[in-house]
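Asker: Here's the letter readout for the chains.
There are 2 protein chains.
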Amino acid sequence: MMKIEKPPAPLIVPSPDDSRLTRRVTGTDQSGANVDIKVPMERPLTLYLNAQEIVTMMTIGDHPEYLALGYLLNQNMLKYDDVVTEVEYDDDLQVVVVRTEHHTNFEHKLKKRTQTSGCAQGTAFGDLLEAVESVELPKAELRTSWLYRMTHTINTMPSLYLEAGAIHGCVLCREGEPLCYTEDVGRHNAVDKIAGWMYRHGVDPADKILYTTGRLTSEMVIKTVRMGIPILVSRSGFTAWGVDLARQVGLTLVGRTRGKRFIALSGEQRIVYDQNLAYVEDESARHQRKGEGGDD
Amino acid sequence: MMKIEKPPAPLIVPSPDDSRLTRRVTGTDQSGANVDIKVPMERPLTLYLNAQEIVTMMTIGDHPEYLALGYLLNQNMLKYDDVVTEVEYDDDLQVVVVRTEHHTNFEHKLKKRTQTSGCAQGTAFGDLLEAVESVELPKAELRTSWLYRMTHTINTMPSLYLEAGAIHGCVLCREGEPLCYTEDVGRHNAVDKIAGWMYRHGVDPADKILYTTGRLTSEMVIKTVRMGIPILVSRSGFTAWGVDLARQVGLTLVGRTRGKRFIALSGEQRIVYDQNLAYVEDESARHQRKGEGGDD
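Those protein sequence lines, which keep their order, are chains A and B. Each residue of the first sequence is one higher than the one before, starting from 2 at the first, in our numbering. Each residue of the second sequence is one higher than the one before, starting from 2 at the first, in our numbering.
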């Protein structure tokens, strides 16, 4: 239980002032008047695992190395015991290459499969399901005081969402403090960047809480479980399969988190109701995510 | 311009009362009390094109035939002039098979590619981009009176969103009237179902308006253009590349549509400002999508 974290895992926060991540565009509003708004960038990034082309992702473009590692880990294409020798990012070509010491099991599988059924990506989900079924998540606590502190910080911290909308956020927290807050036009990219950051810096998942602006679907639950994190929180809602999977593996699943309100549908035994609700504010109009992108 | 639509294209509306699409689950709220909520279903559906396994999608499960056809059309795996002989859905196996008279060009390509680079899905996006660059979209009108009628109808009509949240909606309209309103846990599924419905019933895209609850990303713009629809409207925001592509092909792109407000960033010449704004209500709290799923 007492894994030591390699010390300097750099804190990651949103970069609303990074001019490469947004662009100003001029349009027309409902009265026919010119308006000037900021919109997030969206760029293709092609990922290779050694010599194997894996996928082209649409991403806002920050943290390509974390995104690449996290994608491969969360898709079970890279195992936590594979040795990564290099992550090489080429900004001009919009390519990122993850190199491992040995060929990965995934590359071997892919070779075999392409000779038969054509494309291994289609069947990856079945493998993922299998991979999470045997997981045992650590004991942990979710104090409601942490939960409210965390969501208040996330909703009020300067972010690309507040600046330009149309973006998802994902935040890794410990005891209500954000450690790694990523944003991306793809909601899965945001969580994959966190997985890559954790892997790169050897961050222990056991005492962490993962927050997402997106919905609690089967995919999101599977990723959280693969990352070894025992608690997943969202301001959005649930799907039935997401709930089933969470219950099966004992993940604490908390959704519809707004102001005072939340609903837990799995792993409730980890929740400690230590917050006096009389001291929690309802969500202010200013910090309601307007559902214009962040809330998938 | 005067294509005749095959007459009975059945109107499609959401099915909030269909018990196969939602499930009741019991959880715990912020006070520790039991709560009972409805959540949407999410099921895997594996798609074959003839003998070729294409993808496993996560879907709420209605309209699998439309979803299958629309997915293949929107991915450019099926061309509008390929002859579909059968769409076969097996509810038990959760499999849908689209059969064509001849092998499709995509299957040929896939065969060639898998012998070299392994997986053709990764490169599909480049092909799609090429496919839309040559498109010429029809002239059309977007009267603001239609726009407000349309969004009011969509926001107040009974739907799975209002019933269970965590879901995306996509609506094909003509002159402000919804003709096909689909919902799904995957936002791309919702638009793909509309593409399949249009193809199946020979619906002319030239005088249609497509509405989505999701963001206006490059993928959404590409799909709309492939479907031949000249106008795309969303309550959500934009990405920079979505805007660039829309401008390149002359698609009318309207986002952040809430109550009175909207912003057009491309194809503004199609907009006719015929609505007196004094008679448009601001969005009521009741019909704000709460961003708990529908607003990607």
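Hints in this document: simulated from the structure, not taken from any laboratory. From the three backbone atoms N, C-alpha and C, an ideal C-beta is built for every residue, glycine too. Please note that the accuracy of each hint is not assured.
Beyond 12 Å from chain A on every Cβ pair, some chain B residues (computed) [to be verified]: (1) Ile13; (2) Ala141; (3) His153; (4) Met158; (5) Arg175; (6) Ala207; (7) Gly260.
The calculated lysine-lysine pairs, modelled on BS3-like cross-linking and capped at a C-alpha distance of 27 Å, are [to be verified]: (8) Lys110/A - Lys110/B; (9) Lys261/B - Lys140/B; (10) Lys261/B - Lys39/A; (11) Lys140/A - Lys261/A; (12) Lys80/A - Lys39/A; (13) Lys140/A - Lys80/A; (14) Lys80/B - Lys140/B; (15) Lys80/B - Lys110/B; (16) Lys39/B - Lys261/A.
Asker: With reference to the structure, classify each hint as holding or not holding.
Answerer: Hints and how they fare:
1. Ile13: Correct as stated: the minimum Cβ-Cβ distance to chain A is 21 Å, above 12 Å.
2. Ala141: holds, 17 Å
3. His153: holds, 14 Å
4. Met158: holds, 18 Å
5. Arg175: holds, 21 Å
6. Ala207: Non-interface label on Ala207/B holds, nearest chain A Cβ at 23 Å vs cutoff 12 Å.
7. Gly260: Violated: least Cβ distance 9 Å, not greater than 12 Å.
8. Lys110/A - Lys110/B: Holds, at roughly 21 Å.
9. Lys261/B - Lys140/B: holds, 25 Å
10. Lys261/B - Lys39/A: holds, 20 Å
11. Lys140/A - Lys261/A: It holds: about 25 Å lies between the C-alpha atoms, which stays within 27 Å.
12. Lys80/A - Lys39/A: Distance of about 39 Å is beyond 27 Å: violated.
13. Lys140/A - Lys80/A: holds, 23 Å
14. Lys80/B - Lys140/B: Cα-Cα ~23 Å, so holds.
15. Lys80/B - Lys110/B: Holds - the C-alpha atoms of Lys110/B and Lys80/B are around 14 Å apart, at most 27 Å.
16. Lys39/B - Lys261/A: Distance of about 20 Å is within 27 Å: holds.
Going through the hint list in order, the structure does not satisfy hints 7, 12.
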